[in-house]
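Start from the sequences, fold in the hints, and give me the full structure.
2 protein chains.
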Amino acid sequence: MKIRTGGVTAAKGFEAAGAEAAIKYQNRKDMAIIYSKKPCTLAATFTTNVVKAAPVLWDKKVVEESPFGQAVIINAGIANACTGKEGLDYCSRTAKKSAELLNIPEDAVLVASTGVIGMQLPIDRIEAGVEKLAKAKAETLDAGTQAAEAIMTTDTRSKQAAVEIEIGGVKVTLGGMCKGSGMIHPNMCTMLGFVTTDAVISKELLTRALKEDVVDTFNMISVDGDTSTNDTLLVMANGMAENPEIQDGTPEYEEFKAALHYINESLAKMMAGDGEGATALLETKVIGADTKENARILSKSVVCSSLVKAMIYGHDANAGRVLCALGYSGVQFDPEKIDLYFESKAGRIKIYQDGVSTGYNEEEATKILSEPEVTVLVDMKMGEESATAWGCDLTYDYVKINADYRS
Amino acid sequence: MKIRTGGVTAAKGFEAAGAEAAIKYQNRKDMAIIYSKKPCTLAATFTTNVVKAAPVLWDKKVVEESPFGQAVIINAGIANACTGKEGLDYCSRTAKKSAELLNIPEDAVLVASTGVIGMQLPIDRIEAGVEKLAKAKAETLDAGTQAAEAIMTTDTRSKQAAVEIEIGGVKVTLGGMCKGSGMIHPNMCTMLGFVTTDAVISKELLTRALKEDVVDTFNMISVDGDTSTNDTLLVMANGMAENPEIQDGTPEYEEFKAALHYINESLAKMMAGDGEGATALLETKVIGADTKENARILSKSVVCSSLVKAMIYGHDANAGRVLCALGYSGVQFDPEKIDLYFESKAGRIKIYQDGVSTGYNEEEATKILSEPEVTVLVDMKMGEESATAWGCDLTYDYVKINADYRS
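From first to last, the protein sequence lines are chains A and B.
Going left to right, the first sequence walks through residues 859 to 1265 as my numbering numbers them.
Going left to right, the second sequence walks through residues 859 to 1265 as my numbering numbers them.
Derived from the structure by calculation, the hints contain no laboratory data.
Each hint should be verified, as a subset may be incorrect.
Claimed, not checked - The calculated label-pair distances, taken between Cβ atoms and stated as ranges, are:
#1 Asp982(B) with Asp1262(A): 40 to 46 Å
#2 Lys1239(B) with Glu944(A): 18 to 24 Å
#3 Met859(A) with Ala1204(B): 56 to 62 Å
#4 Glu1103(B) with Asn1219(A): 43 to 49 Å
#5 Glu1194(A) with Asp982(B): 21 to 27 Å
#6 Lys919(A) with Arg1206(B): 34 to 40 Å
#7 Glu1151(A) with Lys1239(B): 33 to 39 Å
#8 Lys1239(B) with Glu923(A): 35 to 41 Å
#9 Thr1224(A) with Thr998(B): 33 to 39 Å
Claimed, not checked - Capping the alpha-carbon separation at 27 Å, the derived lysine-lysine pairs in BS3-like fashion look like this:
#10 Lys1258(B) with Lys1127(A)
#11 Lys860(A) with Lys1115(A)
#12 Lys1258(B) with Lys860(B)
#13 Lys1061(A) with Lys860(A)
#14 Lys1143(B) with Lys1208(A)
#15 Lys1225(A) with Lys882(B)
Claimed, not checked - Counterexamples of contact, computed for chain A against chain B with all Cβ distances above 12 Å:
#16 Ile881
#17 Ser924
#18 Pro963
#19 Leu999
#20 Lys1061
#21 Arg1066
#22 Leu1235
#23 Asp1262
All residues carry an ideal CB built from backbone N, CA and C; glycine is no exception.
Here it is, written out as structure tokens:
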């Protein structure tokens, strides 16, 4: 596996662009396209929120019913959620306009929106944006970067990853991009994430690979515990690498899954580290759990705790809050077995041994917690299973951003 | 039912005091006692957190195994949680010291602690505090207030309530106090709450009344989603009103339950409104739900949402966040049926009708959201059930308080 630069245009035959469409933001790119020269096999996961945005309803139908997909149109600023029939009509109009300009079937066009809930899209500006995107789309890595920048809302940096593997002697590439950075608590999905690959792989296998991987990647991050109405993670495979088709139960499938995992984990961590207002990436590794599922629940409970998040912001080793968060996770365990460490580039320190404070050095702990990436390592001493979750600190800026997000 | 002033000393035969013991805070009262002249029937609920503080373990045993209880010793500053055998020994030593001074059995003494997790209690200062409390305890309302003040941590005001009813022609009084104000997300319990009454009632009936009521009062509030290691709600009934014993299935039982509900709801709302850093009490009423339990889940999901809480702080009618929080609560419903209103002393405004924005007046909405008590009213239009939950806004001060709580 070879890590590469770039994002959604890293794989063969994928084009992208970003464009200024003034949907809500002014003087910045706020619409993006991903386009494949050849029809793509699709796999996707969507929000589990009962309140589903119109684009989620539209895309679900395309992924389940269309023979293939070939383009995605994305806008930032307005989420097209809680918009009723009118909102759904706008998805259809966006797809129609795109299909005409790109000369592809209407049901091969996916749409995605992110931003304020409850506002209607300015459909004229969306359609004008589609025209710009259709003209500007290009195969370059830079075009992928422009798309990644265009889909940002409160994100402070764009998020891309790409990787290269070999399948049957043939080079296969995967690339992706995503955006956060508030209302992030994905459940079988993420806010908006897009992965492209030139691999030849069946829809069934691609879907399985995706479902198996999200539980340990996108589903293990949280910024604020709010599962969005728009969460979408879409994988497009156009087969242009012309590798021998990836088969179930083979080393090639494992290699492909590892590559997909790399992309998903990289994007998920970027999203957590760039959570709204965040100054630090908070990683929680739970080891020695009795089951994998319990390890996941425990580690996620810690990254979701407001008090742990505020502790990271304050660089204060108030680790009792970590034990508290483990304790209310719903998992049964013996608190008097737990060992707990803080870890970062600045070192590693044991804070709890068998559930009781070690009398550690506060100054050293503060130094470790002052790094931009901090790991909380918890050993449950119950078994062999482990899991990792990612979040970020809770800061004044999170409050500031969300107290006046719409203005 | 007659609302009265005062708290834990409102009912006949109860004494209280607060004292400076320098457990962690300096120059303020930080220990309290509640003492009954006669032995009390006890009922209690405790944290569901797997990590239980030593006083919770101690009190559970007293409530379950002792024939009666007669005194509670409370300290603020250190939670005596994650303190192992040493921490449990300190509960025992506190009870022993109190029993000697008060001339009551050791197993009639309950203890409660609130504050930092993972630190050991300075037991000498605790014992010195018990001596002061035993001397100072008094039956006055002022003594109750001093106790309520002594148990505060990040609370900005003390929390008390009292009420009077008639049972078989006899005056019966209930009074209570509690403290918040972070790590508040009670589950069958609250942070620290104490209710005293002079009613004659059996342990079985008192326990049932308490369990039936907490699901709609203390369990319906949240400040930060963190269920503490120390949550304790204790009811003490000393029988000194000498009413005919309250019997199950009678109007007298209903009257007693209504009085207990008044105390619990009053204290719970005070706790929510004085959440760490809060500038406003956030009330969410869900009506028209299909089941009572779903109404509870829906309303609690809204008051727990970081994004809704930040919206209240910003006085910004970004109500899509409310629909989003309803949607990820786990309850199934039709989003296109929902009506949503904001309400306060400044008026009432409809924001969503059948799941779509009404195109309301933003200025009017902001005015309504700028009051210190704000209600989000949601009509699910699915049935007849309703529930109310309480929380507070998410502010800079919440972050400030929790980024350096220990310093």
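Hints, verified against the model:
1. Between Asp982(B) and Asp1262(A) the C-beta distance comes to about 51 Å, which lies outside the given range of 40 to 46 Å.
2. At about 20 Å, the CB distance of Lys1239(B) to Glu944(A) agrees with the hint of 18 to 24 Å.
3. Between Met859(A) and Ala1204(B) the Cβ separation comes to about 60 Å, which falls inside the hinted range of 56 to 62 Å.
4. The supplied range of 43 to 49 Å is broken by Glu1103(B) and Asn1219(A), whose beta-carbon atoms lie about 59 Å from each other.
5. In this structure the hint that Glu1194(A) and Asp982(B) lie 21 to 27 Å apart at CB holds, the actual value being about 26 Å.
6. For Lys919(A) paired with Arg1206(B), a C-beta distance near 38 Å keeps the hint of 34 to 40 Å intact.
7. Distance hint for Glu1151(A) and Lys1239(B): a CB-CB separation of about 36 Å, consistent with the stated range 33 to 39 Å.
8. In this structure the supplied range 35 to 41 Å is violated for Lys1239(B) paired with Glu923(A), their Cβ-Cβ distance being about 31 Å.
9. For the hinted restraint 33 to 39 Å between Thr1224(A) and Thr998(B), the CB-CB distance of approximately 46 Å leaves it violated.
10. Distance restraint check for Lys1258(B) and Lys1127(A): the Cα-Cα separation of roughly 26 Å lies within the 27 Å cut-off, and the hinted pair is therefore satisfied.
11. Between Lys860(A) and Lys1115(A) the alpha-carbon distance is near 14 Å, which keeps this suggested pair within the 27 Å criterion.
12. Among the hinted pairs, Lys1258(B) with Lys860(B) is inconsistent with the structure: their alpha-carbon atoms are about 40 Å apart, more than 27 Å.
13. For the proposed pair Lys1061(A) and Lys860(A), the alpha carbon gap of about 25 Å is at most 27 Å, so the pair holds.
14. Our distance criterion of 27 Å between C-alpha atoms is broken by Lys1143(B) and Lys1208(A), whose separation comes to about 45 Å.
15. Of the supplied pair hints, the one linking Lys1225(A) and Lys882(B) holds, its CA atoms being roughly 24 Å apart against a limit of 27 Å.
16. Against chain B, the non-interface label of Ile881(A) holds: every CB pair exceeds 12 Å, the least being about 16 Å.
17. The claim that Ser924(A) lies off the interface holds: its Cβ sits roughly 25 Å from the closest Cβ of chain B, which is beyond the 12 Å cut-off.
18. A cut-off of 12 Å between C-beta atoms confirms that Pro963(A) is not in contact with chain B; the least separation is 29 Å.
19. Distance to chain B confirms Leu999(A) as a non-interface residue, since its nearest Cβ pair spans about 34 Å, more than 12 Å.
20. Distance check on Lys1061(A): its Cβ is at least 28 Å (rounded) from any Cβ of chain B, clearing the 12 Å threshold; non-interface status holds.
21. The non-interface label for Arg1066(A) is consistent with chain B: the shortest C-beta to C-beta separation is roughly 25 Å, beyond 12 Å.
22. Annotated as non-interface, Leu1235(A) keeps its C-beta farther than 12 Å from every C-beta of chain B; the closest such distance is 17 Å.
23. Not every CB of chain B lies more than 12 Å from the CB of Asp1262(A), the least distance being 5 Å, so the non-interface label is violated.
Hint violations for this structure: numbers 1, 4, 8, 9, 12, 14 and 23, all remaining hints satisfied.
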